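Residue numbers (my numbering), protein chains in the order written: chain R, 1164 to 1299; chain Z, 823 to 981.
Hints should not be assumed to be uniformly reliable.
DSS-like cross-link-like pairs, simulated, lysine-lysine; straight-line CA separation at most 27 Å [to be verified]:
(1) R:Lys1291 x Z:Lys915
(2) Z:Lys915 x R:Lys1234
(3) R:Lys1234 x R:Lys1165
(4) R:Lys1291 x R:Lys1278
(5) R:Lys1168 x R:Lys1291
(6) Z:Lys940 x R:Lys1291
(7) Z:Lys940 x R:Lys1278
(8) R:Lys1278 x R:Lys1168
(9) R:Lys1206 x R:Lys1196
(10) R:Lys1168 x R:Lys1196
(11) R:Lys1234 x R:Lys1278
(12) Z:Lys856 x R:Lys1234
(13) R:Lys1234 x R:Lys1196
(14) R:Lys1291 x R:Lys1196
Don't read these hints as lab results, they were simulated from the structure.
These numbers come from a predicted model, not from an experiment.
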Amino acid sequence: MKLQKNTLFALYSVLESAASPGRQFSAGEVARKYGISPHHLAKVLRTLGRAGLVESVRGVGGGYRFAGNAKRLTLMDVIQLFETIHTPAARRGGRRAGVERGVATILSEIDEIAKATFQSISIATMLKLVGRQRSG
Amino acid sequence: MSATGPAALRVRSVRAGDLEQVAAIDLEITRQPKPGYWAQIHRRYGSGRRQERFFLVADAGGRIEGFVIGEVRDWEFGSPPCGWVFAISVRPKTRQAGVGSRLLEAICEGFRRLRVAKVRTMLSRDNQLILSFFRSQGMMAAPFIPLEADLGPPGAAAP
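Can you build the whole structure from these sequences, using the hints too?
Structure follows, in structure tokens:
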């Protein structure tokens, strides 16, 4: 399973900000931590801002802070702002036949499992997992 | 796993007198009446005769707020003995109060006492509510993949 770069940067930003709700962070801070271009990350943060997941804080020391509900927001909610994990009719089989249809069926199975996994993990659950891995 | 929840709540083994409330909770959630089913489940999991079988209820002063059913199974699917949770349900109006966490913790403690090191469950991938619950309790994807096939009528060719 591979997510696009923008999607990964969005997940990092949401998880970093939700880990310390109320704390402001700058795009540069997250960009440095994950070795991302600040310019690239700023675009991602704008998308997250428009979706109401982070809010920008203006002025000296301004930046962004988490604005979502960590218990309700799922990984899928963040991912689908940047890419689509669904099974288009063409992939499910559609009018295809033979080998092509067989391969499409298996790819569809994988998509459905990935989608269910992302939908079942909230940001709060993900932060608990990160905490367990740190302490373990 | 979290052990929070209403202070007055007690998790205990099911009694025959609880079955009406258990069936009502299930009906409220699934909308599927199952006549005779709960008495059968009670005989199988709630008799107390088999220590590896668990049928627990969350009792808040006589009102059953939820239940959990499971058992330890040995070497199924090639796995060393592990605890399986078959069902967990909480009254919709009582959710988000830690009842499910208390039930799951109680059955896991029962599994631990039988010296098993893993708890597993299986559910529909469309069941986001319960999937999210188990995930929030720290459960992860298991190294098993469930498979199925349509059998067709008697005498049909193998899938």
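Hint-by-hint comparison with the structure:
1. R:Lys1291 x Z:Lys915: holds (26 Å)
2. Z:Lys915 x R:Lys1234: holds (18 Å)
3. R:Lys1234 x R:Lys1165: Holds, at about 25 Å.
4. R:Lys1291 x R:Lys1278: holds (20 Å)
5. R:Lys1168 x R:Lys1291: Holds. Lys1168 (chain R) to Lys1291 (chain R) sits at ~24 Å (cutoff 27 Å).
6. Z:Lys940 x R:Lys1291: Holds - the C-alpha atoms of Lys1291 (chain R) and Lys940 (chain Z) are around 19 Å apart, at most 27 Å.
7. Z:Lys940 x R:Lys1278: holds (25 Å)
8. R:Lys1278 x R:Lys1168: The hint holds at about 18 Å.
9. R:Lys1206 x R:Lys1196: holds (17 Å)
10. R:Lys1168 x R:Lys1196: Given that 27 Å is the threshold and the Cα spacing comes to 15 Å, the pair holds.
11. R:Lys1234 x R:Lys1278: Between Lys1234 (chain R) and Lys1278 (chain R) the Cα gap is close to 18 Å, so the pair holds against 27 Å.
12. Z:Lys856 x R:Lys1234: Violated. Lys856 (chain Z) to Lys1234 (chain R) sits at ~33 Å, over the 27 Å cutoff.
13. R:Lys1234 x R:Lys1196: holds (25 Å)
14. R:Lys1291 x R:Lys1196: holds (20 Å)
Going down the numbered hints, you'll see the structure goes against just number 12.
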